[in-house]
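S.K.: Here is how the chains run, residue by residue.
There are 6 protein chains.
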Amino acid sequence: MTDERFFEEYELGSTRRTTGRTITEGDIVLHAGQTGDFFPHHMDAAWCATQEFKQRIAHGTLVFSVGIGLTASTINPRAMSYGYDRLRFVKPVFIGDTIYSRVEITDRRPHPKRAGHGIVVETVTVTNQRDETVLVCDHLHLVERRVPLAAADNR
Amino acid sequence: MTDERFFEEYELGSTRRTTGRTITEGDIVLHAGQTGDFFPHHMDAAWCATQEFKQRIAHGTLVFSVGIGLTASTINPRAMSYGYDRLRFVKPVFIGDTIYSRVEITDRRPHPKRAGHGIVVETVTVTNQRDETVLVCDHLHLVERRVPLAAADNR
Amino acid sequence: MTDERFFEEYELGSTRRTTGRTITEGDIVLHAGQTGDFFPHHMDAAWCATQEFKQRIAHGTLVFSVGIGLTASTINPRAMSYGYDRLRFVKPVFIGDTIYSRVEITDRRPHPKRAGHGIVVETVTVTNQRDETVLVCDHLHLVERRVPLAAADNR
Amino acid sequence: MTDERFFEEYELGSTRRTTGRTITEGDIVLHAGQTGDFFPHHMDAAWCATQEFKQRIAHGTLVFSVGIGLTASTINPRAMSYGYDRLRFVKPVFIGDTIYSRVEITDRRPHPKRAGHGIVVETVTVTNQRDETVLVCDHLHLVERRVPLAAADNR
Amino acid sequence: MTDERFFEEYELGSTRRTTGRTITEGDIVLHAGQTGDFFPHHMDAAWCATQEFKQRIAHGTLVFSVGIGLTASTINPRAMSYGYDRLRFVKPVFIGDTIYSRVEITDRRPHPKRAGHGIVVETVTVTNQRDETVLVCDHLHLVERRVPLAAADNR
Amino acid sequence: MTDERFFEEYELGSTRRTTGRTITEGDIVLHAGQTGDFFPHHMDAAWCATQEFKQRIAHGTLVFSVGIGLTASTINPRAMSYGYDRLRFVKPVFIGDTIYSRVEITDRRPHPKRAGHGIVVETVTVTNQRDETVLVCDHLHLVERRVPLAAADNR
Chain A
175 MTDERFFEEY ELGSTRRTTG RTITEGDIVL HAGQTGDFFP HHMDAAWCAT
225 QEFKQRIAHG TLVFSVGIGL TASTINPRAM SYGYDRLRFV KPVFIGDTIY
275 SRVEITDRRP HPKRAGHGIV VETVTVTNQR DETVLVCDHL HLVERRVPLA
325 AADNR
Chain H
175 MTDERFFEEY ELGSTRRTTG RTITEGDIVL HAGQTGDFFP HHMDAAWCAT
225 QEFKQRIAHG TLVFSVGIGL TASTINPRAM SYGYDRLRFV KPVFIGDTIY
275 SRVEITDRRP HPKRAGHGIV VETVTVTNQR DETVLVCDHL HLVERRVPLA
325 AADNR
Chain F
175 MTDERFFEEY ELGSTRRTTG RTITEGDIVL HAGQTGDFFP HHMDAAWCAT
225 QEFKQRIAHG TLVFSVGIGL TASTINPRAM SYGYDRLRFV KPVFIGDTIY
275 SRVEITDRRP HPKRAGHGIV VETVTVTNQR DETVLVCDHL HLVERRVPLA
325 AADNR
Chain E
175 MTDERFFEEY ELGSTRRTTG RTITEGDIVL HAGQTGDFFP HHMDAAWCAT
225 QEFKQRIAHG TLVFSVGIGL TASTINPRAM SYGYDRLRFV KPVFIGDTIY
275 SRVEITDRRP HPKRAGHGIV VETVTVTNQR DETVLVCDHL HLVERRVPLA
325 AADNR
Chain R
175 MTDERFFEEY ELGSTRRTTG RTITEGDIVL HAGQTGDFFP HHMDAAWCAT
225 QEFKQRIAHG TLVFSVGIGL TASTINPRAM SYGYDRLRFV KPVFIGDTIY
275 SRVEITDRRP HPKRAGHGIV VETVTVTNQR DETVLVCDHL HLVERRVPLA
325 AADNR
Chain C
175 MTDERFFEEY ELGSTRRTTG RTITEGDIVL HAGQTGDFFP HHMDAAWCAT
225 QEFKQRIAHG TLVFSVGIGL TASTINPRAM SYGYDRLRFV KPVFIGDTIY
275 SRVEITDRRP HPKRAGHGIV VETVTVTNQR DETVLVCDHL HLVERRVPLA
325 AADNR
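Order-wise, the sequence lines are chains A, H, F, E, R and C.
Numbering follows the working numbering, with no gaps: position 36 of the first sequence is 210.
Numbering follows the working numbering, with no gaps: position 55 of the second sequence is 229.
Numbering follows the working numbering, with no gaps: position 131 of the third sequence is 305.
Numbering follows the working numbering, with no gaps: position 61 of the fourth sequence is 235.
Numbering follows the working numbering, with no gaps: position 120 of the fifth sequence is 294.
Numbering follows the working numbering, with no gaps: position 34 of the sixth sequence is 208.
Rather than coming from a laboratory, the hints here were simulated on the basis of the structure.
You can take every hint at face value.
Since the list gives no way to pick one copy over another, a pair counts as held whenever it fits inside one copy or between any two copies.
When the alpha-carbon atoms are kept at most 20 Å apart in a straight line, the in silico SDA-like pairs for lysine to any residue are as follows:
1. Lys228 - Arg304
2. Lys265 - Val277
3. Lys228 - Ser255
4. Lys287 - Met254
5. Lys228 - Gly270
6. Lys265 - His285
7. Lys228 - Ile269
8. Lys287 - Ser255
9. Lys228 - Val264
The model shown is predicted, which means the values in this text are computed figures rather than measured ones.
Excised from the complex, chain A in its bound form:
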């Protein structure tokens, strides 16, 4: 479960795919309870039946949290998550849908200020059981370099 990897060892274009997770009614109930978001879109089946999707939809933050959690299988002691860019909800996730995450290394760039670290971007694509994309985002990791950049290289 631990896989030490330095910045230089991340390979652009390499991909991995996670196991799947069915989003259950209980997940939505627990996520509402954790976040305090009890909007009727998630919690009121009767009202949802009168709306466009005819049913409750998972919270965006739930799909995101589970989609990212699926990718957390290997610990790299040289890396830490420090943010996300361009997170988009592409399609709704309904109760009973199963989601999977695909991760691709899409960027490797110097850190603007730290010569000893670089930024590795994993683009995460979350799909459902019909292989439709439901969420995409860029996950940014701060990763230690094996060899720090010479000061001059670091812009």
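Following the hints, complete the assembly by docking chains H, F, E, R and C onto the known chain A.
M.R.: Same frame as chain A, now just chains H, F, E, R and C:
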């Protein structure tokens, strides 16, 4: 709890501040259980005692989910969340910290393709009980316009 | 979310209606876990199928807790809940039912001993998605007076 | 766990005492999640530290639900709960307090309309580990009579 | 709920049967969250649909924990659980199945080293709503003797 | 996360060690809720303070479920869990203890009836942060053989 508002009615620079939420050990346990992320940074107090922060830290997705959940107090039937930009984890959140969200309308722009909608950007700043910023992000909402743009205006 | 209101400002007959909440199987499981009430009426679907209602029913304390929770949307720093009268379970709530609470101010009376406070009674009526009443109760609040009663007025 | 008992067999003044239950921080978090009541009195330790009690307090509905759950140890197939009277919150319950319920049969009366049933009232007194009363209520049960009242007796 | 019983008072061949518990989807979600076991057999309905059983199955440790929990109705202050032998998963448990435990005292033997205690073996048989056995195990209890064995008797 | 391995490929004496998991108060609360075991040893801190250990202890089934869950990191599609032998609770686990599992392949034997499968025994030793053993058990797996035994070999 419902407050209908069209794109034209969002005011740049307006702000609101939420109630607070103490992040408990139980929240971390539940979030690990929901996401499947059992990394020792969150779940192994003995190992954490040997690390830089000396204690367990909340998952990034937990701080984000609760921070956003705090802002979900008023339903606007004319708006829907469709994503986030520039989400950054600024400082760790520890067990017992209390977080608050401040929301500011920082952008209102035409939607690139839909004349009937615009994009409203809420910049969310999550702070702890010492008023230190722990997370920032831009929350993007797709909001119906009261008056659709003429085709010519919509670039 | 904060709305300061003194005793004198509660208006007899004023009403409000909450958003809805679907009672899920997961809610019953969690409530059993929280209360320790694992009676077969809530937990044994096979046995329930042989009984009058043919299905599991929500705990009374669950319907009550959620029904009251729905009303907890605005904090009044001048009021505190101190009890309930005439709580009655009128109809069973089944898995998948959606409940709503209607609140009406039905009484405003002096506190028997405190000149600085009065008692405001909110009658809470919990209904399901077929608009059938499932639970009623009187929620008693101890509310600060803007102007304390003169001793002589306090009966 | 099943103890069949008819109305006639409830003895006025008989009492029983339950096992205890420590109210944990996790119980408050779960109850907030179940009910949607995230008032700062329960969820914001930093704010609570500035208030009278200096700490978070358990939800009234939590103390009530657990206090009643503690009494649900024996199933009587001839009885059903149908409500509560005079529920009062006497003292706050804090994280780490342990509560116990004492039950006393305080009333046995005819049902106003049903000759085949009577009403049995259990007065429930919930105390903490310092034997202070924190909650009281009258729990009303509808219990089948072994021998229905003659019509004339039923007023 | 407390029933003091010494080693000498356990009767070989005596049996008891518990109430039932429906295993819900939420139970599986919570158990995955508690144990960190997110194997697709339990969590991925789409994948399960392609496998032998066509549906998700409950974790073995869940069926065991609930099956044993059902037997925990009476506290004997003279006994403590110290292990299990021959725990076997006989049939899968699916979402919606209801399980029951039958307990039989199948052995009473001296403790190999402690003259003051004996070992009582409860054979626990967990069945589903079709009376099929799903799990069996021998539950070993260390129980105080009313009369300690003379040293010579204790082999 | 998938690692296909046949019976022949399990190596006697090979070991692995899992990440750690701190057992929190919330875990005990959730496990009580899942199993219905609310014995005061786990749930009543005031009573526990008067007992030998002076504090609440984790349920045996909780330590077992988490200890086994920690080992569930790699899916072998050729193997299935079918039981446990000699499960023993060696020392109590308290709130705040961190547990780890060590797994050793201690036996590989023919299945008594199936020529196509063998039994692989993993001895699981669960230790705490002081490296004291708290639980041991033998986990039995039914594993497909790459080459079925000839009928004559299978006794």
